[in-house]
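Undergrad: As a plain string of letters, each chain reads:
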Amino acid sequence: MLGFFLALLATLLHAALTFAAAPFLMGVVTTFRARILGRRGPPFLQSYRHLYRLLRKTTLVPETATPLFGIWPVVCLLALGVAALLVPGFCTGMLTAPAGDFITLIGLLGLARAALVLAGLETGFGFGGAGAQREMLFGVFAEAALLVVLLSFVLLAHSATVNGISVAFSTGQIGISVSLGFALAALLAVALTETGRIPADNPSGHLELAMVHEAMILEYSGRYLLMFDYAAMLRLLVWMNLIGAVFLPFGMARADDLLTWPLGLALWLAKLALMAVCLAVFEISSAKMRVFRVPEFLGVAMLLGMLASVFLFVAARIGG
Amino acid sequence: MIILLPILLPLLAALPLGLLGSPRQGAIANAGLTALVFGLTLLVFWAPGAGLVRADRLGLIFGALTGFVGLTTALANIAYVRGAAPRLSVRRWRVYHAMCQVVLGSVLLGLYADNIGLLWAALEGATIAATLGVSLPRTPSALEAGWKYFILGGVGIGLALFGTMLVYLAAQPALGPGFGAMSFSALSAHAAHMDGTLLTLAFVFILFGYGTKAALVPLHGWLPDAYAEGPVPLTTMLSGLILNVALIAILRFRHLLQANFTAGGGAMAPGPFLLTLGLASILLTAFSLTRRRDARRFFGFSSIEQSGITAVAFGVGGAWAIFGGLLHMVLQTLIKSALFQGLIRAAELRGSTAPGHYGFSHLRGLFHANKYVAWGLGGCMFALTGLPPSGLFVSEFIIVSQTIQRAPWASLPLGLGLMLCAIAILRQFGPLLFGPAPPRTKPGATPMVTHLVALHLAIMVAIAFFMPPVVAHMLLGLTGRLQ
Amino acid sequence: MVGLPGQGMHLRLDALSALFLIILLPQTIAAALSGMRGSLTFWVFVAGMVVALLGADAFTLIFGFELMSAASWLLVLRGDAKPASLYAGIAVFSAACLIPALFLPAGALAFMLILLGTGAKAGLAPLHSWLPRAHPAPPAGVSALMSGGMIKVALYVLIRYGFIVLGAKAAPWWGMVLIVAGAASVLIGSLRAMLETELKTLLACSTVEHAGLIAVGLGVALRAKAMGDPALAALGLQAALLCVVAHALFKPLLFIGAGEVKHATGTSGLNWLGGLLRGMPRLSGLMLLGAVGMAALPLGPGFAPEFLLLHAVIAAAATGGILAHLAFTALLAVLGVSAALALGAAVRLVGIGFLGRPRTLQAAAAEDARPGPLAGMALLAGLCVPVALWPGLVLWGMNPVIRLLVPGASPAPLAYAPLILVLLGGLVALAAGFVLHRFGVRGTREVPAWMGGFGRPPAWLPFGDPMTQPSASGFAAPVARAIGAGLLAPGGMDPGQAWVLAPLQRLYLRIVRLAERIRRATIRERLAFVFMGLVLALLVLGLGEGG
Amino acid sequence: MNLTFSLAHLMGGIILLCAFSMLSQRRLAAMITLYQMQALLLSAAAFWQGYAQGEVSLYLTGLITLGIKGLALPFALRQIVLRFNMIRAVETAMPLILSMILGLALIGIAVLVVLPIAPGAISLTREDLAMSLSVVLLGLLVMIVRRSALAQIIGFLCTENGLVLAAIGMPGMPFVAEFSVALLVLLAFLVVGVFLFRIREHFDTLDLTGIEEIERRGR
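Residue numbers (the numbering used here), protein chains in the order written: chain A, -17 to 302; chain B, 110 to 592; chain C, 55 to 601; chain D, 45 to 263.
Among these hints, one or two may not hold up.
[Unchecked claim] Below are the DSSO-like pairs computed for lysine-lysine, each with C-alpha atoms no more than 30 Å apart in a straight line:
#	chain 1	residue 1	chain 2	residue 2
1	B	LYS551	C	LYS136
2	C	LYS136	B	LYS480
3	B	LYS480	B	LYS551
4	B	LYS480	C	LYS316
5	C	LYS316	C	LYS136
Everything labelled a hint here was simulated from the structure, so no lab data went into it.
Kindly generate the complete structure, drawing on both the sequences and the hints.
TA: If you want it as structure tokens, here you go:
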């Protein structure tokens, strides 16, 4: 009973922190990036202001849009919101853990992507379509790479939920292996593409011809744009949580042990900060790729994932 | 002797038919005579005869089938003659009707004869009559077809006679000289004691002799042309009836060989010979059908395929396979005769039933001319492919399944051939029925013959799918004895 | 007595045939509602499927199977004569494979023939290329039943023989063959679905993909069963059978919808549609639901099977040697690519066809679908809901089938719980709604689209210039360039067409030319054939008896 | 008894020789003469067998053979040759020497086929059977290697002679066979006559190339 109560509490805390911290994380990355480039950059809380401003604006709907114009942001937001609830943040063993199957997660990300693409096609203008077709192309390889990486995780952890993988990896019996290194590289590549970061897409770019994510939501404004923007922030956090839970599981709190929570929370924030810095450093040190280079980039990720799986098998053969 | 009546009646009636009457009267007399013969073939079930002409069950069944197909063909012939009368002189029409009767009588003789000499004579008579019939239109191509038929048929007849004499010779150790050594019933009773080596030699000649009549590849050379050039109703008789007699003759001789082989009499097994010829027929047809532009030639090739299937069934052996082969013959006779009747109607809708008016491009889009004729003809074509609900599905299913069990090596070419033939036929189906009709096509009236076609198809399905168990067991017993 | 002379027909109803009969029912009703009620051929087609599912002996099975093929051939022929011959060829080919297989002794050869025969009919690679040509040809109701029902009947035969009749002799590599064929179909099917611009062809390609998914599930199960792993076998079967059920609901729905689109606009080319959601809101809503199923998105009917399948493949990767492991890793990559391509295809279908601006006047003037087809679609959509939201229940209902196929298996409960996701989504929606309601400005204003800042279209183009819209082919262009060039034959042709059917056709033509030379022989040469045959036979005789 | 067989043998051998020499002849007139010789020998053989076996029907066969094949048919054929002016050599489909080698091979095959028959089992000797079989096959070969219709008919008639040769050797074979052979030849010639007449109507010569021409036009 107490366990359930604590788990509920942890889940609620996780939900509150996740939804509250998502804009902050985006702000941190943006600001870090500016700082490293030598500019002052916006304040950390700029994202919140941006969202609030959108909240207060009138929502414009194009004449040529269909009645479903307003549905897509909602679907996108809900899919990512649910995903954010499923991926453990500062602690393992939340109430949502059993439902957090990795494949469900992939499905939810796919749902969000579908909503985004449909939003791009909604009004029927050229840039939206261009962004949509690029997003679709990236998705093809990202999903495959993700599944291949997942195979290694599942074989190592004997569990397919993110929670289970995290628990298994944190116990330390797995150790550091070559295959996990490959898997990490693959996962990072997918994460960068999915979140629309630099080698695949430029989040701060404003040239319509080169945009992917932004191009799809050009016609959106007001609260619909708010939802899309917030969903993008959530997506970044979900991915960071995911990478954190799988590759940096040390020090994660256990939901049924209240005493571990403070350390877990602190470490969680530290991990996020670390990843934000890393992301910023990576982004300024590399250039955006041409569209058709991205599939190759992801293809390499997929091969790395397969290599991870093969090495896993070889190691198991040698070890066993 | 009632059994002599259905044989002699048409043979004797040929003389007055050949000398008297207008084409129309000839056609009506022809139909009346054939109806009488059909009745007699049914009557014969209760008086199967004795001596030289003594029909067994097989002969009786196929005799009745011959009577029935002959009757429907003769009925369709009345309408055909009405349309085609001006094309030939009155004398030619008389010869034509006489030849129809001669073919009918000889075929019945071939089926009912217990004597291998009589059988041979019957087939010879049928060949000569059919040759004359085919060459009647007197166009260069008809003459050529008749010439081919005569040369190849004559050679076949010669080989068959040699085979017949060799059978007689082979029977000497068991039966001694005299009529006994030429009677099927006696031969089959003493098959085990015949000279096996000689019997095998005899079978090769019989196979090549009667195989020519049955149009097995490589003996098929005459058939497509004869089909395409002769008058259509006569072609119907050719396709169904003469082929049947020849195949049944082969079946009977095969039985002698098989019995001798089983009893260790020194004969070779008949299976490989029959299978080789049968498979060759099916495969050659499979690759010849696609390029045919003339419908009658097309269905001529299809007849070669059907003969091949039957030969394969006989070659596979065993009660079930032979049952399948015989069933296939019955069904295919019904379908083919219906098909040619439908084809006459179709050509009539397009203006002329003369040879050369049966090109697929000429007939296409039948559906726009007359729905019922189109469905009748289309139904027959579809039935030829052996897809359900066609009755051929049953027979081909039996044959293929038996081939798998008894001669597995043959099943691959058999399956391939059947498949390609079915595809080739189905490919013509679409354009023929639903394709764009040639310009100036007028919708035509529904002729009575369509009912005959439907009747044929209904009987075909009924025989295949609704055979009473009693009949099936009786037939299986029959084929078991023939095996 | 009906049937084979002296033997008749025998019917049998067990859990497996019952399952397939049940999935046949709703789509038959829907197809009948969509306007096929009066067609005798259609009912013969249905009867053939029922007989094939109920047949207890080889004859009845093949009879039903071929009756189904023949009737559907006629329907295809009436729709479009061009692919009909190819379709007929495939139908006869499957019979030519199945009849021998049923009479061969149980073993690998029999199974391979069964696989060839049923695979050709179900559209498994490499014999799939006919399907995207033939399935779109007949009226929509028939297309629906062909995709939703007929390929299922073929798979039923595969299941019945692979698991029950030949089950005792099954070897693990049988499963691998099935998996390879399935994976190839999944990849090619989804890729072509992404590239096709014709609505019904697109759906048919997606059918190839789903047949492949089912085959992969069956292959995993067959392999596991042969290796003595009933739990994994049960998992694979669950995936395959759930996919069968789901596909039998959403694909007919989509096909009937496509037919209605064609009825309303006169075309089903995506490049001529657009903005249908305005004119045909009800139809579009139902199509959207079907597309969610086709894309295997969560909370749609197609996700649970995909989920189970991926889990089955992952579990299977842990069994067997290094080669199997590599193969399953590659399989996962293939499934991932295909899942994303399927998502792309579905998104494209909805986004290009139903969203955006109309590209032609017909699309702009389209009126909503007729009540009959709409009712059929609504029926299928209604049945999709429980499959989508409560797949556990459907799986529970399938337990007898799985126990029949894998004796001793105890199917595990499903780890995917859509209802929980719905609950979580609801909570998030509540929270978001609260925030927007409490702090936000309400109301929307309709304005001319921004269009990236381009000028407004002239008055005679009420929906803007259609040429400025992304087209269906344009949408697929990046994928065609990145993947299509590598996987498809030159010219974007289907590899099954280019490398299997076309060479066979060339071979056939070559032999036909040979046969024509034989046919053109003169009388003398024909006589020579007879003579040579006779001499050859005599030679065989002489050598056979002399030696 | 010994004499019976050796004489029958001798005649059979000469008949075979006639058939074989037909292969080597280019001119129709020579072929007809050879055919006539063959038929005359055949009728002699029939009489001899009739005498040896004491069968009346064989005398009848001999008479028919003598009358129709030995006299009437050659006469008619010569008439045709004269009327259509076909004295010149006929075209052959293959070199003569090759066709003669083939003929030898055929005789070899005939012997090969007949050899395994148990010697004592039948009253007709194996040699007789081999000879008649050879004549049948050689006749067929003539039909194949000659391009002229008349030469082909002669080949066909040679085949018939082979059949009759076999038939007269059959002990106690009922009359049916002989009657049928006679009927066959009669009817066959009747039909051939009709054909010749008609082919004459349409083509200038009896040469079958005209027919082959139609064939090449194809359908």
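Undergrad: Is LYS480/B close enough to LYS551/B, meaning Cα to Cα at most 30 Å?
TA: Distance ~12 Å between LYS480/B and LYS551/B Cα, so the pair holds.
Undergrad: Given the hint that LYS136/C pairs with LYS480/B, test it: the Cα-Cα distance must not exceed 30 Å.
TA: holds, 22 Å
Undergrad: Going straight from one Cα to the other, do LYS551/B and LYS136/C come out at no more than 30 Å?
TA: Holds, at roughly 26 Å.
Undergrad: Need the status of pair LYS480/B, LYS316/C: alpha-carbon distance at most 30 Å?
TA: holds, 28 Å
Undergrad: Just to be careful, I want the Cα atoms of LYS316/C and LYS136/C compared with a cutoff of 30 Å; is the pair within it?
TA: Judged against 30 Å, a Cα distance of about 19 Å means the pair holds.
The structure is consistent with each of the numbered hints, conforming to all of them.
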